[in-house]
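Hey, can you work out the whole structure from these sequences and the hints?
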Amino acid sequence: MTEDEARLAVADAHRSEWTRVVAATLRAVRDLDVAEEAVQDAFTEALTSWVRDGVPKNPGAWLTTAAKRRAIDLIRRATTYRAKVQLLVEPDSFLDEDPPEMPRKVQVEKELVGDDTLRLIFMCCHPSLSADAQMALTLRLVCGMDTVDIARCFLVSQTTMAARLTRAKKKIAIARIPFIVPRGPDVPARLDAVLGVIYLLFTMGHTAPSGETLVRNEVVVEAIRLARLLHEMAPSEREVAGLLALVLVNDARRESRLDVDGRALRISEQDRSLWDHEKIYEASGLVATSGRAEPPGRYCLQAGIALLHTTAPTYADVDWSKIVRLYDELLRIWPSPVVELNRAVALSNISGSEVALEVIESLESDGRLDRYHYLPAAKAYLLDQLGRGEEAETARARAYELADNEIERKFISERVHGS
Amino acid sequence: MTQYAVLLYADKGDISPDLNGAEYEEHARHSVKLQEGGTMIAAFALESYETATSIRTSGITDGPFIEAKEVVLGFYVIEEPDLDAALATARRNPIIKQGGGVEVRPVEGFFVRSTS
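As you go down the protein sequences, you meet chains A and B in turn. Following our numbering, the numbering of the first sequence begins with 21 at its first residue and continues without gaps. Following our numbering, the numbering of the second sequence begins with 1488 at its first residue and continues without gaps.
Don't take each hint at face value.
[Said to hold, decoys possible] The calculated BS3-like cross-link candidates involving lysine-lysine, where the alpha carbons are at most 30 Å apart (straight line), are:
#1 K342/A <-> K299/A
#2 K191/A <-> K1556/B
#3 K1584/B <-> K1556/B
#4 K1520/B <-> K191/A
#5 K191/A <-> K1584/B
#6 K1556/B <-> K1499/B
#7 K1584/B <-> K1520/B
#8 K1499/B <-> K1584/B
#9 K1499/B <-> K1520/B
Everything labelled a hint here was simulated from the structure, so no lab data went into it. None of the values given here were measured: they were computed from a predicted structure.
Below you can see the structure in the form of structure tokens.
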């Protein structure tokens, strides 16, 4: 195997396996810094080893084993050091099933609530961490994002972000934030943050924020799996059902989002026969039972909106006034500028582009969406409808400049003059 | 096991004069429960904040070190397997429904002279 091929395989594994490898390693060692370092080392080791021996049949399992072995090694070394300085280390806190002489306590716990990734997410979203820290930790540990990229997301310097992550990890270690999926009365209060993270994971996979592919399938599949797991765990939680419905209905359109040449398509241009109607059907069922809550939650409403798009037989049949009504409800419980932007685009189908453009321009002047490329993209679309080609061109250039994903960039640039 | 300090806070206005009889009773009962349950390993109830004296390089002043609406009433140390367990124990402190609150903080180390 050439080095380039191996490098590609490792990059692939990094995208698809990172979260599971971190989670499994963390279960083995319970020390975030060690786990992270070990996982990093495992990926480095994969580079040389895969050139020599080829890519293993199950790269995830290979990486997990390598990372765990490395982690236990690191811990042993640290333990000897700590023993010298007479610090207490609880021996069974970093053990796993691998070495046979070690206790099986961890395994029992695993069977109780067995999903490592879900544990990792609940740990990152622990209410004792600030919302910023929760999000940063999740991006780092669950999504495998680099500190540099996370810093960019938060618009802070890399040093600031590194310090924030270190502080959060230190708190997890010292205050002993547990690596478990909580049970009982604690669960509902903690779900909000967890749902947010799973949705973020889905969004990252559904429209990869940067790079050359639009969708990272493995990440999408993982997010859906987690939403489903959570729904099984807490079937009466309506927002969990709402989230599952939302990710299903959005993913149902996966096959139709690009044309044969890999260009992104508007929903009005997509081939509806390619949609996964089984997923849409399942989502409808979930929304039908969970959306009846008064008032319906954020994910139920978003799923409801997406369903109105996907269950219409043709694009011309979409019930825009109902969509706008759902956006109004959504804005009441979740007053976000992104929701306002989406509502404006829906509104243009009822009240015309002029009215929608006014809303978008006022959103633009309030500055909260300065870095959000969908705003100038939507603006360009409406300006085109109004025959104001030159202004549309300017907006499109701005959208192009802000978009990081190559396919989305192509989408914007190919829509010059509203083609 | 990790040791956590639970610091009790309340609004100055709410505790001056001292907790009334019924509220004090609740704390006493809660303390007994923690002692019998075995999770509490030390506890210190402090006298009123009005009896506190603070020292800085600039000298000695009357009152708590930090000028704030809320003051520390006391603290105790519990031993728990993790933060969730510590929070579950601390959450039952009566001060919370009496309008105050608690801070839970891992203990790095402590010393108590054994009395004979």
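Quick rundown of the hints versus the structure:
no.: 1; hint: K342/A <-> K299/A; in the structure: holds, 22 Å
no.: 2; hint: K191/A <-> K1556/B; in the structure: holds, 27 Å
no.: 3; hint: K1584/B <-> K1556/B; in the structure: holds, 18 Å
no.: 4; hint: K1520/B <-> K191/A; in the structure: holds, 29 Å
no.: 5; hint: K191/A <-> K1584/B; in the structure: holds, 27 Å
no.: 6; hint: K1556/B <-> K1499/B; in the structure: holds, 6 Å
no.: 7; hint: K1584/B <-> K1520/B; in the structure: holds, 17 Å
no.: 8; hint: K1499/B <-> K1584/B; in the structure: holds, 16 Å
no.: 9; hint: K1499/B <-> K1520/B; in the structure: holds, 27 Å
Comparing the model with each earlier hint shows no violations; every hint is respected.
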